[in-house]
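With the first letter of the sequence shown counted as 1, position 323 gets the number 323 in full-length UniProt numbering; the numbers rise by one all the way through.
Among the hints, erroneous ones may be present.
As the list claims (entries may be wrong) - Using 25 Å as the maximum straight-line C-alpha spacing, the simulated DMTMM-like pairs for lysine to aspartate or glutamate come out as follows:
(1) 48 - 58
(2) 55 - 136
(3) 48 - 76
(4) 210 - 223
(5) 292 - 324
(6) 176 - 136
(7) 56 - 76
(8) 161 - 107
(9) 40 - 183
(10) 140 - 129
(11) 285 - 251
(12) 56 - 184
(13) 261 - 324
(14) 176 - 60
(15) 176 - 73
(16) 45 - 60
(17) 121 - 52
(18) 55 - 124
(19) 121 - 25
Just so you know, the hints here were simulated from the structure itself, not pulled from any lab data.
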Amino acid sequence: MTDNSPRKERTRGNRDGRPFQRASDGLWVATVYLPNGKRKPVYGKTRKEAADKKKKAEAEISAGLPVTAGRTDTVEHYLTKVWLAVTLPQRVAAGRIAPSTLDSYQDTAEKHIIPHLGRVKLVELSTTDIRRWLLELADKPSGRVRRKLRPGETELPPPPKLSARTVAYSHAVLRKALADAVDDESLGRNVCLLVDAPAVEREEVQPLTKQEAGQLLAEAAGDPLWVYWLMLLALGLRRGEGLGMRWSHIDLEAGTVRLVKSIQRLRGEKDEATGRRKGQLVEKKLKTRASKATMLIPATALQALAVHRRAQNAERLRAKVWADPDLVFTTGVGTALEPRNVNRSWDALCERAGIGRRVRLHDLRHACGSFLFAEGADLKTIQGVLRHTRQATTANVYVHLLEEVKRGAADTLDGVLADLTAPRAKREKSAS
Numbered sequence: 001m002t003d004n005s006p007r008k009e010r011t012r013g014n015r016d017g018r019p020f021q022r023a024s025d026g027l028w029v030a031t032v033y034l035p036n037g038k039r040k041p042v043y044g045k046t047r048k049e050a051a052d053k054k055k056k057a058e059a060e061i062s063a064g065l066p067v068t069a070g071r072t073d074t075v076e077h078y079l080t081k082v083w084l085a086v087t088l089p090q091r092v093a094a095g096r097i098a099p100s101t102l103d104s105y106q107d108t109a110e111k112h113i114i115p116h117l118g119r120v121k122l123v124e125l126s127t128t129d130i131r132r133w134l135l136e137l138a139d140k141p142s143g144r145v146r147r148k149l150r151p152g153e154t155e156l157p158p159p160p161k162l163s164a165r166t167v168a169y170s171h172a173v174l175r176k177a178l179a180d181a182v183d184d185e186s187l188g189r190n191v192c193l194l195v196d197a198p199a200v201e202r203e204e205v206q207p208l209t210k211q212e213a214g215q216l217l218a219e220a221a222g223d224p225l226w227v228y229w230l231m232l233l234a235l236g237l238r239r240g241e242g243l244g245m246r247w248s249h250i251d252l253e254a255g256t257v258r259l260v261k262s263i264q265r266l267r268g269e270k271d272e273a274t275g276r277r278k279g280q281l282v283e284k285k286l287k288t289r290a291s292k293a294t295m296l297i298p299a300t301a302l303q304a305l306a307v308h309r310r311a312q313n314a315e316r317l318r319a320k321v322w323a324d325p326d327l328v329f330t331t332g333v334g335t336a337l338e339p340r341n342v343n344r345s346w347d348a349l350c351e352r353a354g355i356g357r358r359v360r361l362h363d364l365r366h367a368c369g370s371f372l373f374a375e376g377a378d379l380k381t382i383q384g385v386l387r388h389t390r391q392a393t394t395a396n397v398y399v400h401l402l403e404e405v406k407r408g409a410a411d412t413l414d415g416v417l418a419d420l421t422a423p424r425a426k427r428e429k430s431a432s
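Modelling step: build the complete structure from the supplied sequences, incorporating the hints.
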């Protein structure tokens, strides 16, 4: 009996890798021969799709690029399963990046990259996708916690949009991820390099004035964190550096402190039930040689530190449990202070002191630099106190103070020029 039913087309390619249709699932398969002699299959639903992918792969090989044709991994898969799960943790283990950097990249990826680009195939990510994404971010609410109504207000203003700095940082994080994908030969090119990030205006530092600093320290009298605030101002410390200070690194007789470690909160693994991350406080070594410094403590701060030690010793004797007797600043049971709680205490202090503008805790560090500058210290000295690796960083942070110096110098020079030209002006006046 003759079977007249139409036969399924099945064309097997020759050794040149031409497409053939696979009987098991009907997909068309073409073979690409790699420079190392290995074969790489590419697939398509039609003969043409498979042939096009083969052609693209051969073009990539000719150009010396990694073969990406046929890859189906999405941006989300690459970020969560490769970059954040393997590439960056390996760099943390090798000491090339800080754990907090990994946390920051992960937070940015989860909030600002994956929700917008996660479903796009990594190899199909285009400049148009990047431009559209940046526009979406620029119009995205910041998610900042909305404040309560103030006296006289009937409704809250709309939530602010993401700042240009946040958008630019998100672009930088994705650019770094794609650069690693190119290095891993998972991607042929980094499309983020072809799209400019939004311009970010340099944020001019508005350090505390002496009057404001005096208000804050007066209001903080009796506060458990008073000495902590004073040390940040006196030594120009970062928040974590102050929290990481240890008595074993302080010589009260010599009036010195060695800065060795800082305390930070790192995000932990996500709880699948709640969707939240349970972070942990960690003590980490300071990265740069400049940061790891032995510093002289001003006499006023040194005296306050000695008083604080006596008070802490008395508190430790009264407590039933004391976790770490070497930490300078602790909770009532000797554990490290929570950085976020320190920020909350600072914000409350600023409100009680009647500071009429937003002052960040980090502004105490800037105030240290500006007070030194006002007293005649040069940039090199300020760089040493603040432990900037490069003097250019110091100059950029305190550019507003440099401008004041330039204006003062111009006024001084103008007075000199006026004196020098005075005789000529008198002669011209008498001649007329």
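Hint check results:
For the given pair, residue 48 sits about 15 Å from residue 58 by alpha-carbon distance, which is consistent with the 25 Å threshold. Between residue 55 and residue 136 the CA atoms are separated by roughly 35 Å; this puts the pair beyond 25 Å, and the hint is violated. A threshold of 25 Å between alpha carbons decides the hint, and for residue 48 with residue 76 the separation of about 29 Å lies outside it, so the pair is violated. Between residue 210 and residue 223, the direct Cα distance comes to roughly 20 Å. Compliance with the 25 Å bound is thereby established for this hinted pair.
The straight-line distance between the Cα atoms of residue 292 and residue 324 is roughly 22 Å, inside the 25 Å bound, and the hint therefore holds. Restraint check for residue 176 and residue 136: the C-alpha separation of about 20 Å stays at or below 25 Å, so the hint holds. This hinted pair checks out: residue 56 and residue 76 have alpha carbons roughly 24 Å apart, not beyond 25 Å. At roughly 18 Å between alpha-carbon atoms, residue 161 and residue 107 fall within 25 Å of each other, so this suggested pair holds.
For the hint pairing residue 40 with residue 183, the CA-to-CA distance comes to about 19 Å; that is within 25 Å, so the pair holds. A threshold of 25 Å between alpha carbons decides the hint, and for residue 140 with residue 129 the separation of about 16 Å falls inside it, so the pair holds. Proximity of residue 285 to residue 251 is assessed by CA-CA distance (about 20 Å); at most 25 Å being required, the pair is judged to hold. About 19 Å separates the Cα atoms of residue 56 and residue 184, which keeps this hinted pair within 25 Å; it holds.
Of the supplied pair hints, the one linking residue 261 and residue 324 holds, its CA atoms being roughly 15 Å apart against a limit of 25 Å. Among the hinted pairs, residue 176 with residue 60 is consistent with the structure: their alpha-carbon atoms are about 22 Å apart, no more than 25 Å. For the hint linking residue 176 to residue 73, the alpha-carbon distance of about 18 Å falls within 25 Å, and the restraint holds. Between residue 45 and residue 60 the CA atoms are separated by roughly 22 Å; this keeps the pair inside 25 Å, and the hint holds.
With a CA separation close to 17 Å, the supplied pair residue 121 and residue 52 stays within the 25 Å bound. At most 25 Å may separate the alpha-carbon atoms for a hinted pair to count; residue 55 and residue 124 meet this at roughly 16 Å. Taking the CA atoms of residue 121 and residue 25, the gap is near 23 Å; set against the 25 Å cutoff, the hint holds.
Going down the numbered hints, you'll see the structure goes against 2 and 3, while the others check out.
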